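Protein sequence lines, in the order shown, are assigned to chains A and B. When the letters of the first sequence are read in order and numbered with the UniProt record's numbering, they come out as residues 1 to 89. When the letters of the second sequence are read in order and numbered with the UniProt record's numbering, they come out as residues 1 to 239.
Derived by calculation from the structure, the hints in this document are not laboratory data. As the structure is a computational prediction, the values presented were derived from the model and not from experiment. Watch out, some of these pointers could steer you wrong.
[Said to hold, decoys possible] Cross-link-like lysine to aspartate or glutamate pairs, in silico, DMTMM-like; alpha carbons within 25 Å at most:
no. : chain 1 : residue 1 : chain 2 : residue 2
1   : A       : K56       : B       : D89
2   : A       : K56       : B       : D93
3   : A       : K61       : B       : D89
One letter stands for each residue in the lines below.
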Amino acid sequence: MSNSNSLEHDIKTLIIEALGLEDISVDDINSDQTLFGEGLGLDSVDALELGLAIQKKYGFKIDADAKDTRNHFTNVASLAAFVTAKQAA
Amino acid sequence: MINFNISQWRAWAPGLESADDWRAWCQAPVLLPASEASPDVSFLPAMQRRRLSRLARMAFSVGWPLAEGLQDLPLVFVSRHGETPRTLDILSDLANDQPLSPTQFSLSVHNAVIGLWSILRNETSEMTALAAAGDGLEHGMLEAAALLNEGAPAVLLVISEEQPPEAYANWIHDVPFPYALGLLLTPGDEWQLELRTGTVQHTHTQWPHALNLLRTLLTEQGACQHAWKNRVWNWQRKP
Numbered sequence: 001m002s003n004s005n006s007l008e009h010d011i012k013t014l015i016i017e018a019l020g021l022e023d024i025s026v027d028d029i030n031s032d033q034t035l036f037g038e039g040l041g042l043d044s045v046d047a048l049e050l051g052l053a054i055q056k057k058y059g060f061k062i063d064a065d066a067k068d069t070r071n072h073f074t075n076v077a078s079l080a081a082f083v084t085a086k087q088a089a
Numbered sequence: 001m002i003n004f005n006i007s008q009w010r011a012w013a014p015g016l017e018s019a020d021d022w023r024a025w026c027q028a029p030v031l032l033p034a035s036e037a038s039p040d041v042s043f044l045p046a047m048q049r050r051r052l053s054r055l056a057r058m059a060f061s062v063g064w065p066l067a068e069g070l071q072d073l074p075l076v077f078v079s080r081h082g083e084t085p086r087t088l089d090i091l092s093d094l095a096n097d098q099p100l101s102p103t104q105f106s107l108s109v110h111n112a113v114i115g116l117w118s119i120l121r122n123e124t125s126e127m128t129a130l131a132a133a134g135d136g137l138e139h140g141m142l143e144a145a146a147l148l149n150e151g152a153p154a155v156l157l158v159i160s161e162e163q164p165p166e167a168y169a170n171w172i173h174d175v176p177f178p179y180a181l182g183l184l185l186t187p188g189d190e191w192q193l194e195l196r197t198g199t200v201q202h203t204h205t206q207w208p209h210a211l212n213l214l215r216t217l218l219t220e221q222g223a224c225q226h227a228w229k230n231r232v233w234n235w236q237r238k239p
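Chain B extracted, bound-state conformation (with noise of 0.2 Å):
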């Protein structure tokens, strides 16, 4: 069992930006409709930001700001399906014998996030880029608690989705639409996740679990609880 207090938050998906968007969105979900839209990032100078794809703009759109007037800040970045377009527009290269992008390239694997984010804020700070599976989002909660744990005064979690391209729609049925959330994560007991395992039925979530999160924190909902596999977190705010 972890402990630790969610200090901020911040979110982004397509029409959803400012915190109203999203206590709105959060006590009456809906599908969003698909869009190109992508989050505002003229914070950064337009010649770093070019090369950003959509995912990474999510991740620094919501990580950003809660990164303000921080030092030292560890990152813990979690994609479960990481940069698809990319990987796609890859494959398509190699499948007709084209060179491949050498920007494409180095921007498709999966710590390339982390890294730009370390070279644009100047931070040296731990990072760590996870895919892991459904429970993508309480893996990287348990990486955020360890390194609090070993003394960090604040994490920042980042779970950042982008929709796959049509080619991938028959695999992957998790991301309804491109999302991002940032947690600021500090030393503290307001919140505690524990770990079940046990022979579970998977039930399929209309929305992804770090949204579903944020409809717990924004509603103020005691508890939620998230199955993959045989493993069950539970997630309870101190009352």
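Extracted from the complex, chain A is given alone in its bound form (with noise of 0.2 Å):
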């Protein structure tokens, strides 16, 4: 498995414990799925709750405001490159 994947893949463990999502596995989420509304179908609780967990996870500080973070939360694609482009930052 690749770097990409393996951080995919950790981020869909963290998606389904965060959220409680027990009904879920990791393959059951496409890392191009769209994760709230439509697609998995998560909601504004889930997107907050989320959030907190990746900050709590990866040690950065999310910033709820800025314009862009909401694309970032996307898909599990989107937050992979998110969180890697932070770690190198």
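Two chains, two frames, some hints: make the complex.
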């Protein structure tokens, strides 16, 4: 598994655990599947909870008001790219 | 004094689910062993039920079947102690300088259960969440009677108590095990509830009063009494 795939796998696990998605496994989430509203069907409370879980796990701050934050949370692939960029910074 | 009918009931505690389970327990009540068991709420979509605590699951499991087929059904939700496990989690995070979980926070408030009830049932009738010391059942009953008096054809009264975490054990003595009771109340005079005031010796009852009421209901007794501070509540069934 490449590094980016392994990061995506970790983020999927984080989503399932932090949001209590008992009936869903890592294989059920596609990396380019929309997370909020459509797709996986997460809601605004999930967005806050997931933001918190990512900050805790990867040790950086997310600016909730920054206008590109919403784009980073589009899907697992965009989240992985965001985490990679933050960790490189 | 208020009058009403208890049209239907439902109750849940670990290991006690069916009406027959409760009839047996009411005849010979025993302390239930500690349990992590939670009621089945599979009638709710998975995405909706995943965040529900046991307190909320208990309330939904007793309330949902009673509300079946009824629209515009006001709800009175009573819990003396509320979401103590969530509260402890949040306070522990605060004490450890950890950020608070938005989910835990949003669902720790006392009216979270009725908010979820409203969303999941698309119900916009009047709903109330009460926490009223040791006689919450009776205060909930008063609220329900007021709604019946205003013209509601039926009111749902739900009492739900979670067993508090060990950290609260020195302060909370009235929840021997987690339990919930749902009563579907309708106008009528089969039951009356009367309040007398006076200085009374507080007698510690072994079972929560909501379950004592259920025992009165299921063992065909005519009356029961509940005293709290200077309030003496007399429940009486029409002979």
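Worksheet item: Keeping to a limit of 25 Å between CA atoms, is the pair of K61 of chain A and D89 of chain B held or broken?
Response: With a Cα-Cα distance of about 22 Å, the restraint between K61 of chain A and D89 of chain B holds, given a limit of 25 Å.
Worksheet item: Within 25 Å, alpha carbon to alpha carbon, are K56 of chain A and D89 of chain B?
Response: 16 Å, holds
Discussion item. For a C-alpha distance cap of 25 Å, please report whether K56 of chain A and D93 of chain B respect it.
Written reply: With Cα atoms ~13 Å apart, K56 of chain A and D93 of chain B stay inside 25 Å; holds.
Against the hints set out earlier in the document, no violation occurs for any number.
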